[in-house]
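Construct all of the structure, not just a fragment, from the sequences and the given hints.
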Amino acid sequence: MEAKIAALLLEMQENTADFVKLGELQAEIDLFNDEKDEIEMTLLEAMEELENL
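Going by the working numbering, the sequence shown opens with residue 1, and the numbers climb by one from there.
Keep in mind the hints are simulated off the structure, nothing from the lab.
Mixed in with the good hints, there may be bad ones.
[Claimed, not checked] Only pairs whose alpha carbons sit at most 20 Å apart, straight line, appear in this in silico EDC-like list of lysine to aspartate or glutamate:
(1) K4 / E14
(2) K36 / D18
(3) K21 / E11
(4) K21 / E2
[Stated by the list, open to error] Simulated restraints on C-beta separations:
(5) L9 / I39: 44 to 50 Å
(6) D30 / L8: 30 to 36 Å
(7) A7 / I39: 57 to 63 Å
(8) I39 / D18: 30 to 36 Å
(9) A7 / M41: 47 to 53 Å
(10) D18 / E38: 52 to 58 Å
(11) E51 / M12: 54 to 60 Å
(12) L50 / Q13: 52 to 58 Å
(13) N15 / M41: 34 to 40 Å
C-beta atoms are modelled at their ideal positions from N, C-alpha and C, and glycine is treated no differently.
Quick look at the structure:
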């Protein structure tokens with residue numbers, strides 16, 4: 001019984017660690033997407049300026 005509880009606790013810890021890693025990855029993805037959006041806006045603005053020349 002104790003071994004079963006210990007195994008379940010270990011599995012819970014691993015799941016929690018995986019959940020934390022997923023959260024960190026999602027934060028990185030969000031940051032990347034924000035940077036990508038900024039780059040796209042800069043490119044669009046540059047294209048508009050070129051059209052106005």
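Right, here's what the structure says about each hint:
no., hint, verdict
1, K4 / E14, "holds (15 Å)"
2, K36 / D18, "violated (27 Å)"
3, K21 / E11, "holds (15 Å)"
4, K21 / E2, "violated (29 Å)"
5, L9 / I39: 44 to 50 Å, "holds (45 Å)"
6, D30 / L8: 30 to 36 Å, "holds (33 Å)"
7, A7 / I39: 57 to 63 Å, "violated (48 Å)"
8, I39 / D18: 30 to 36 Å, "holds (31 Å)"
9, A7 / M41: 47 to 53 Å, "holds (51 Å)"
10, D18 / E38: 52 to 58 Å, "violated (31 Å)"
11, E51 / M12: 54 to 60 Å, "holds (58 Å)"
12, L50 / Q13: 52 to 58 Å, "holds (56 Å)"
13, N15 / M41: 34 to 40 Å, "holds (39 Å)"
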